[in-house]
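Chemist: As you go down the protein sequences, you meet chains A and B in turn. By the count of my numbering, the first sequence reaches residue 112 at its end, each step adding exactly one. By the count of my numbering, the second sequence reaches residue 227 at its end, each step adding exactly one.
Derived from the structure by calculation, the hints contain no laboratory data. All figures in this text were calculated on a predicted structure; none of them were measured in a lab. Take the hints with a grain of salt, since some may be wrong.
[To be verified] Below, a list of computed lysine-lysine pairs in the DSBU-like style, where the Cα atoms sit at most 30 Å apart:
no. : chain 1 : residue 1 : chain 2 : residue 2
1   : B       : K219      : B       : K161
2   : A       : K26       : B       : K173
3   : B       : K173      : A       : K13
4   : B       : K181      : B       : K219
5   : A       : K26       : B       : K170
6   : B       : K173      : B       : K183
7   : A       : K26       : B       : K219
8   : A       : K13       : A       : K26
9   : A       : K26       : B       : K183
[Unchecked claim] Chain A regions said to be covered by chain B (calculated; three or more residues, Cβ under 8 Å):
no. : region
10  : 22-28
11  : 48-56
12  : 67-74
13  : 103-109
Every residue gets a Cβ at the ideal spot worked out from N, C-alpha and C, and that includes glycine.
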Amino acid sequence: DAGVTQSPTHLIKTRGQQVTLRCSPKSGHDTVSWYQQALGQGPQFIFQYYEEEERQRGNFPDRFSGHQFPNYSSELNVNALLLGDSALYLCASNSGVAVEQYFGPGTRLTVT
Amino acid sequence: AQSVSQHNHHVILSEAASLELGCNYSYGGTVNLFWYVQYPGQHLQLLLKYFSGDPLVKGIKGFEAEFIKSKFSFNLRKPSVQWSDTAEYFCAVIGDNQAGTALIFGKGTTLSVSS
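For reference, chain B alone in the conformation it holds in the complex (with noise of 0.2 Å):
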C-alpha cells in the first residue's frame, strides 16, 4: 500500500529564514504529488502539484518543491518564511495503481513563524 512520510512534525522559524519540509512516499510506479497547506481556521488549499516533466514545481506563495524519483521525495522549500506562512502542511500522493483518485497524506508538519 501507498503511504507517504514527513519527516518534520513542527516546525519553528523565524521570519526571513528558509524553509525545507520533507516528504517522502513509498509507491515504485508512476505517481502525482501534492503540497496541500491548511491555514488557521480555513480549508486545505493546494500549495502546488508535480504531475510530469520538470521536476522543480512552482506553486502559489513562493514555495517550491523537488520530485527526485530516485529518492522518492518531494520536498516542499521556500526562501523566506513569512509570519503569514503559519499553517499546517501535508504531502501526498496519487499512485497509478488505484481504481479512483484518492489522495493518500502524510501526517503533516506544523509550521510556525515568529515574527
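Chain A extracted, bound-state conformation (with noise of 0.2 Å):
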C-alpha cells in the first residue's frame, strides 16, 4: 500500500520564477493538504484540497495555488518566488471524515 508520495524531492529556482510541485495522497484518501516548513520550524498550513475544491486556506499570499484533480491527486503553484518560499513543502492526505493525516516525504525547494 503505497504512502503518500511527492515530487520532485528537489529543486532549486530562481527568484522571480515559477515552480509546481506535485503529490499523490495515500490509497483511499481524498482530502489533500499542503504544508511549508522552514528550517528549524514546524509546519505551516497552506491550504487543504477536498472533492476539487478548496475547503481551507491559511495565511499564505495569492502566489501559492494548487489544484486537485479527479484522482485526488494535487498539485502547488508558487508564482514570482521570494527567497522566502526556500523550504520543505510537505503533502498530507486523509479520507474525508477523518482527521488523521499521513505524510509525505516533502520536496525541498531552494530559492536562489
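Quick one: dock chain against chain with the hints and give me the complex.
Modeler: Structure follows, in C-alpha cells:
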C-alpha cells in the first residue's frame, strides 16, 4: 500500500520564477493538504483540497495556488518566487471523514 | 486564531531517562490533538492522537500523552528513552471552528538522546 508520494524530491529555482510541486495521496484518501516547513520551524498550513475544491486556506499570499485532480492527486504552484519561499513543502492526505493525516517525504525547494 | 506552544526547543537526555515534552494550545472549543515525530532523514509520522474519551492516550514506541482540558495542555511522556528516540517532536491541534482539518503545529522540540 503506497503512502503519500511527492515529486520532485529537490528543486532549485531562481527568484521570480514559478514552481509546481506534485503529490499523490495515500490509497483511499480523498483530501490533500499542503504545508510549508522552514528550517527549524514546525509545518505551516498552506491550504487543503477536498472534492477538487479548496476547502480551507492558511495565511499565505495568492502567489500560492493549488489544484486537485479527479484522481485526488494535487499540485501546489508558487509564482514569483522569493528567497523566503525556500523550505520543505509537505503534502498530507486523509479520508474526508477522518482527521488523521499522513505525510509524504516532502519537496525541498531552494530559491536562489 | 489557534496556536500551539511547545515549551522546550531542545532537550538532551541520557538513555533510560524519563521524558516529558510540554505542549499548550490556545483554543477554547473542542479539539483534536496530535503528536508527530520526525526521525532524521524520515518524514513526519503520527505518534499518538486524542479525539475524545480517556484523556491519557497511548501511542507507538511506548509514548503516551495526557490531555488536561483545564490547562489547555497535551504533554508527551515516555518513562525511559532510547537512543533511537532522537528526533524532532511536533505537537499539533485541529479545532472544531475550522472549515477543514488543517493541522496547526507548534515549532517543535528537538530531542537528543545519548547512549
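Chemist: Of the numbered hints stated previously, which ones are contradicted by the structure, given in increasing order?
Modeler: 3, 9, 10 and 12
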